[in-house]
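Just so you know, the protein sequences line up as chains A and B, in that order. Counting from 1 along the first sequence, just add 6 to a position and that's the residue number in my numbering. Counting from 1 along the second sequence, just add 42 to a position and that's the residue number in my numbering.
Worth double-checking, as some hints may not be accurate.
Stated by the list, open to error - Quick list of the computed label-pair ranges, beta carbon to beta carbon:
no. : chain 1 : residue 1 : chain 2 : residue 2 : range
1   : A       : 140       : B       : 127       : 40 to 46 Å
2   : B       : 228       : A       : 155       : 47 to 53 Å
3   : B       : 156       : A       : 147       : 54 to 60 Å
4   : B       : 79        : A       : 115       : 37 to 43 Å
5   : B       : 127       : A       : 155       : 32 to 38 Å
6   : B       : 90        : A       : 124       : 57 to 63 Å
7   : A       : 14        : B       : 166       : 53 to 59 Å
8   : A       : 69        : B       : 203       : 58 to 64 Å
9   : B       : 121       : A       : 14        : 48 to 54 Å
10  : B       : 127       : A       : 124       : 48 to 54 Å
Unchecked claim - Counterexamples of contact, computed for chain A against chain B with all Cβ distances above 12 Å:
no. : residue
11  : 18
12  : 127
13  : 160
Keep in mind that the hints were calculated from the coordinates and are not lab data. Virtual Cβ for every residue (Gly too), placed ideally from N, Cα, C.
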Amino acid sequence: MVEPWVVRQWTYRAGFTVICLIALFISLLPLEVGTGRWPGPDFMLAFAFAWVLRRPAYVPIYLVAIMLLISDFVFMRPPGLWAGLGVIALEFLRGREGMSRDMPFLVEWASIAGVMFGLAVVYRVCLAIFMVDQTSFGLVILQQISTLIAYPFVVLLSVMAMGVTKISAAEADMIGRSR
Amino acid sequence: MAKDTGTSEGYTRPLRRLLSAMLILVLFGIFILWRIDSPRVERIRAQLVDQVVPSFEWALVPVTKAADMIENFQSYTRIYEQNQELRRELRQMQAWKEAALQLEQKNATLLDLNNVRLDPKYTFITGVVLADSGSPFRQSVLLNIGARDGLMDGWATMDGIGLVGRISGLGENTARVMLLTDSSSRLPVTIQPSGQRAILSGDNTARPPLDFIESPELIRPGDRVVSSGDGGVFPHGLVIGQVALGADRRLRVVLAADYERLDYLRVLRSLSSEQIVDPGSLIVPPEPILIPEEPVSEVENDTAGVESDNG
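Using the sequences and the accompanying hints, generate a full structural model.
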């Protein structure tokens, strides 16, 4: 007999995989070949961060690592680096999940902003250390900004449409016991 | 019960941490492996893309077409102005067509007079654009033809009018075209009519700048830019675009290829041509009859020829 929370958890994990594949698919569409555009948001990271601050069990580290690694390979990024840093950021946020339960949204947003820009800076520094040629810093920052702008909508979508709400005190008690 | 979960957490948490750390190490390991042995990992990447992207193809093509249709539909709203504009352009084009026909005839007669032979080997294969690079930092597109169709790395790719990029990364069924605007793209070009040589270096903007120009004062905005064929990368004389003066006072190139609508691309088969490696053998007669002893640095072929002549 499978317990209902186990089914829920695996459903959401499958849902996260589907969201990642859709994000991959959309950014692969050859609609906007060319340059000089405002880079689109990184939905994969935005969803991973939004969910890990609400239901850490829905975004296991292996799933996110595999998804980020695939996107590294497909988007012609140096493979492994962005995935590794993304996973570290995810684990950092996972550690703060307990604290963020009664945090107002603005504070959460600010902490996500800090993590995002930190991620971009560390990524650039790593690339510089390994002497990989890189593109303009402005573009990287613009992408992080657009991810941040998209973040509230991602949260809204997760909470309203998908039911990924923050863990309430009563639920925390229950999950804590069942784990 | 509570005690029980406490002990199980006591076991799982350090284990979990260890596994996470190992996972992160594996990811960084992949990165370092890529840095050390880039070609091998890039080959793996090409194979992976070859597997992943065609499985999306059934959805990629209809969605792209639908989006294009919506875009076209939007343009119906100003159809009258467009019609007028097209008529005007058509009139101009007819004048140009006349001029082109005359020039073609003139060119044909001149070629005939000079007995010039054009290289007959430049045939092309046409492919459909499947996907773009998906990242704003990389300018490339993926074609639905690959090593199976005889493509090779480094071949030039054009749309109907101008040069688009080069093949860089081959799978069995797909090939990646690095566009001229990619920040790692460098291409030797000639600027007509002054004949100046320069390097077109992509910098992730729509109008790549020209570098290493010998005398920039000879170049005017509006000059034509064609590939120079230096370095044997591309054939000579493929149209690239026109020179323009950028907002940052650098000379940039407005590309002739329509990067907004890359649908079908043709890949030029450029089979490796004969290389002239030894300049001396062109000038010096093959059998130095007047010199009694053979120079030490003579090519083996030549000595063999002399020996067989003697014997």
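Subject >> Cβ distance range 58 to 64 Å for residue 69/A and residue 203/B, holds or violated >> reply: violated (45 Å)
Original post:
Since residue 160/A was said not to touch the interface, does its Cβ keep a gap of more than 12 Å from each Cβ of chain B?
Top reply: The claim stands: residue 160/A keeps its Cβ more than 12 Å from every Cβ of chain B (closest is about 19 Å).
Original post:
Per the hint of 53 to 59 Å, is the separation of the Cβ atoms of residue 14/A and residue 166/B within bounds?
Top reply: Distance hint for residue 14/A, residue 166/B holds at roughly 55 Å.
Original post:
Regarding residue 156/B and residue 147/A, is the given constraint of 54 to 60 Å on their beta-carbon distance met?
Top reply: With a Cβ separation near 57 Å, residue 156/B and residue 147/A satisfy 54 to 60 Å, so the hint holds.
Original post:
Between residue 140/A and residue 127/B, is the Cβ distance one that fits in 40 to 46 Å?
Top reply: Since the Cβ atoms of residue 140/A and residue 127/B sit about 42 Å apart, the hinted range of 40 to 46 Å holds.
Original post:
Between residue 127/B and residue 124/A, does the beta-carbon spacing fit 48 to 54 Å?
Top reply: With a Cβ separation near 50 Å, residue 127/B and residue 124/A satisfy 48 to 54 Å, so the hint holds.
Original post:
Checking the smallest CB distance to chain B, is residue 127/A really beyond 12 Å?
Top reply: holds (16 Å)
Original post:
residue 228/B and residue 155/A, beta-carbon distance inside 47 to 53 Å?
Top reply: The hint (47 to 53 Å, Cβ to Cβ) is violated, given that residue 228/B and residue 155/A are roughly 35 Å apart.
**OP:** Could you check the hint for me, namely that residue 79/B and residue 115/A are 37 to 43 Å apart, CB to CB?
**Re:** holds (41 Å)
**OP:** Hey, is residue 18/A genuinely clear of chain B, shortest beta carbon separation above 12 Å?
**Re:** holds (19 Å)
Original post:
Falls inside 32 to 38 Å, the C-beta gap from residue 127/B to residue 155/A?
Top reply: Roughly 37 Å apart at Cβ, these two residues keep to the hinted range, so it holds.
Original post:
At the C-beta level, are residue 90/B and residue 124/A separated by a distance inside 57 to 63 Å?
Top reply: violated (29 Å)
Violated hints, in rising order: 2, 6, 8; the structure is consistent with all others.
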